[in-house]
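Visitor: Here are the chains, one letter per residue:
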Amino acid sequence: MRRDLAMKRRLMAPASVLAAAALVLSACSGGDSSTSTSSDAGSDTGNDAASGEAVTLTLAGWSLATTPEFEALADGFMAANPNITIDVEDYDVNNYETQITADLAAGVAPDIYTVKQLMTFPTFQEGGQLMDVSDVAAEISPDVATLEHYEVDGITYAVPYRADAWYLYYNADLFETAGVEIPDGQWTWEDFDQAASDVTAGLAAAGNTDALGNYQHSWASTVQGFANAQGQGDGEFLEAEWDYMVPFYEEALARQAEGSQVDFGAITTNSLTYQGQFGTQKAAMMVMGSWYVATYLSQVESGDAESFSWGFAPVPQQTTETAENPVTFGSPTAMGINPAIDESKVSAAKAFLTYIASEDAAIALAEIGITPALTNDAVADAMFAKDGMPTDDLSRFAFTTHQTALEVPLGTDSPGLQTVLGDAHTAIMSGSVSPQDGIAEAMERAKSEVLD
Amino acid sequence: MAVPVLEKPAAAPAPPPRRKPGQRLKVRNAVIGWTFILPNFLGFATLTLVPVLILMYLGFTSWNAFGQATWIGTENFQRLITDKTFHTALFNTFYYAAVHIPLTLGISLGLALLLNRKLRGMGFFRTVAFFPYITSIVAIAVVWNMLFSPDSGVINQFLMWIGIDNPPGWTTSTDWAMPAVIIVGTWRDMGYYMLLFLAGLQAIPGELYEAARVDGANGLRRFLNVTLPCLRPTTFFVTVMLTINSFKIFDLILVMTDGGPGTATLVLSQYIYRKGFEEYDFGYASAVAIVLFLICLVVTIVQFMVNKRRER
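Taken in order, these protein sequences are the chains called Z and C.
Residues 365 to 816 (our numbering) make up the first sequence, in order.
Residues 5 to 316 (our numbering) make up the second sequence, in order.
In isolation and in its complexed conformation, chain Z is listed as follows:
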């Protein structure tokens, strides 16, 4: 009996080691799903793209359930290249950069990955995480917007497929109720302020006290993006000479003080969403990125947004001089090749990058409401053929004609500068400091902490 006990115990020690190891291992492997999927894809490494044999490429995207663009691009490409399979890997939209950085550093990132924000492009490029794709850039249409931003010292490192730009969205029904003329494409910011205040007053007079003239979301880009695009002198952003932002803040604060848009504090404390505010007719106008076109249409379909007569116009300008080719800001999205890709897959990956900048891909994207990097008449036709799209000429003009400046000018210091400006934005918009003081403080911080 005693012998048995001792025996049992002797067996128990190694058994518990095993059990422990199993526990730890299963705990570790539970976390990272992308690792396992990419190693599955790695089993194809023996294949050769050039010989026409089957090749599987992996592509990093995010929120696949609500972001159809990756599947659309993959499906379009696979239809034309039956020997190549594209596996889209799902990342978390809010932590995409962090996750892809971790995967790249660990050597388990997909073959092709999306550079979600242009601002992080220098980090990837300087970190040696993007392959030279200049030969692809040489092949694609010169009309592909924003390609130049992905070029460093004559070498192109990524190819844009999507180029969002900011528009002025308006609710024509609310304008009519208020008895105010809808945007005519010639507006300056003064006209915009005036309209916001007129619509607010007109709606109140008509008995609609729920809606205001304008909704300005809490993001820093709703002020700074326009300031950078329209107010900035040569290279001022990167030198942290930000005085040009002050008038843009003064205007935003004036609208807020007058009551023609919701207070910044109310937005942050009540977690207001821009989709909810414009989509349920709480605001007659809103400046927002072109991605909202697709969002609004799908929300009308799902019942999250109300259906009303709407349209979008070019964003207000500093002067009417630029109304012919209005200046807005935007943020391109590109894809690049992970240099760790298996050599046999490179030609297939480059073929995919060539495809995403093609007219076929642009039309496929426009059909699902995404603003492609390549816009021409065929693409515009596809975009405006969608059900529920506005049919007026001004909306089409806003889509096809604009100069898109960058939301944040590019440089290695940009992320740091943007953090400082983000703090300044919340301080100024909440009324804690005046625009002059807030910007002055931000400039001082940027110069001592970021540019130093």
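Because the hints were derived from the structure by calculation, they are not lab data.
Where a beta carbon is used, it is the ideal one built from N, C-alpha and C, also for glycine.
Incorrect hints may have been included.
Computed spacing ranges between beta-carbons, pair by pair [as the list claims (entries may be wrong)]:
# : chain 1 : residue 1 : chain 2 : residue 2 : range
1 : C       : Asp155    : Z       : Gln558    : 22 to 30 Å
2 : C       : Ile305    : Z       : Asp816    : 45 to 53 Å
3 : C       : Pro233    : Z       : Ser427    : 30 to 38 Å
4 : C       : Pro233    : Z       : Thr637    : 52 to 60 Å
5 : C       : Ile58     : Z       : Asp439    : 36 to 44 Å
6 : C       : Ile58     : Z       : Glu808    : 55 to 63 Å
7 : Z       : Asp816    : C       : Ala143    : 34 to 42 Å
8 : C       : Asn44     : Z       : Ala621    : 34 to 42 Å
9 : C       : Thr74     : Z       : Gln558    : 49 to 57 Å
Since the structure of chain Z is provided, determine the placement of chain C on it from the hints.
Guide: The following block gives chain C in isolation, referenced to the frame of chain Z:
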């Protein structure tokens, strides 16, 4: 905990006569003990210990997550000396800790005393007090933010109703954002520490109170001379945990104010996150993390020393 339980049966089998008695047994006991700690230790080592050691190294390098980290000596720490935002974050962290620790300690002890009675329905009230601690932090932030809303929020409406004309702007004001966060932090944490205090209170023998009563001690005397001394081990544990958690505060601030308005509620752990994951300056972020680690370490050591001295 597992080791002493094991030792008893291990001593039971008679040692084989010719071998060195006890020696093998000791080794075997140690091995068995280690195997029981092993699962936890392996997890701790791979997920905490090794990363922390790497962090200590990264603090002396410049690294953007790709390629090799370059050794730059103490440059990061020199930068800390002149970095005003770091000073702001350091100040805010101490501000939060200095108010949050005594406040939470007092309130959770008070709650524990209040709920340490034999009354019908006491379980319900204890659960109510514990509830904030298990509620999702994001939900807490959203709801409290609404309550704090300067114009339409319940709190300010109440303040105006009782006659305060200019109620604070709470999370939209640089002066009041930190108090607002501290209030929510205290509200969330009090239930957990109350539970620890309750356990401590229930371990105090009732005879002590009886004896004190016989000696004519009033309620306050009994609290000061019986309850508090008997609670000392619990209070020590609570203070240490509370201190470390206060210095590490991150999630609540991230979802409630995101460090704003401006840098009014920016704390060290959020600054580490920003420098590392938003600005890709992992070397500098690691240096800040080392500072936070040292702060927690020093404060905890001081607490241990004070506790030791009182024990004598």
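Visitor: Determine which of the earlier numbered hints do not hold for this structure and return their numbers in increasing order.
Guide: 2, 3, 6, 8
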